[in-house]
Amino acid sequence: MNGALRKATTVFRSALMQSRSTSVSAYSVSLPRGIKMSTAERVAHMSVIVGSIFAYPVWVLVHLREYRGIQE
Numbered sequence: 001m002n003g004a005l006r007k008a009t010t011v012f013r014s015a016l017m018q019s020r021s022t023s024v025s026a027y028s029v030s031l032p033r034g035i036k037m038s039t040a041e042r043v044a045h046m047s048v049i050v051g052s053i054f055a056y057p058v059w060v061l062v063h064l065r066e067y068r069g070i071q072e
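The C-terminal position of the sequence shown is numbered 72 in UniProt numbering, with every residue numbered one higher than the one before it.
Everything labelled a hint here was simulated from the structure, so no lab data went into it.
The C-beta atom is built at its ideal place from N, Cα and C for all residues, glycine as well.
Any given hint could be a false lead.
[What the hints assert, rightly or not] Quick list of the computed label-pair ranges, beta carbon to beta carbon:
1) Arg65 <-> Lys36: 41 to 51 Å
2) Arg33 <-> Val60: 56 to 66 Å
3) Thr39 <-> Arg6: 52 to 62 Å
4) Met37 <-> Arg6: 47 to 57 Å
5) His45 <-> Lys7: 29 to 39 Å
6) Lys7 <-> Phe54: 46 to 56 Å
Kindly produce the complete structure, drawing on both the sequences and the hints.
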């Protein structure tokens with residue numbers, strides 16, 4: 001039992017040490033350093049992302065009277 005506990009402790013400790021060495025900033029970069037995006041391309045991508053995020057809530061707000069059952 002003591003040997004199994006010691007082995008499990010060693011495995012968990014090594015896994016914990018490996019996870020501490022990773023950097024969050026390494027995952028936040030979306031492009032390699034050599035590729036440059038133009039400002040127009042960035043604006044186009046951002047507008048598509050923002051538009052897709054807000055499309056459904058805006059549609060719900062526009063049709064709120066129908067959801068409540070209020071007739072015009």
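- Query: Can you give the numbers of the hints that this structure goes against, from lowest to highest?
  - Reply: Violated hints: 2, 5; rest satisfied.
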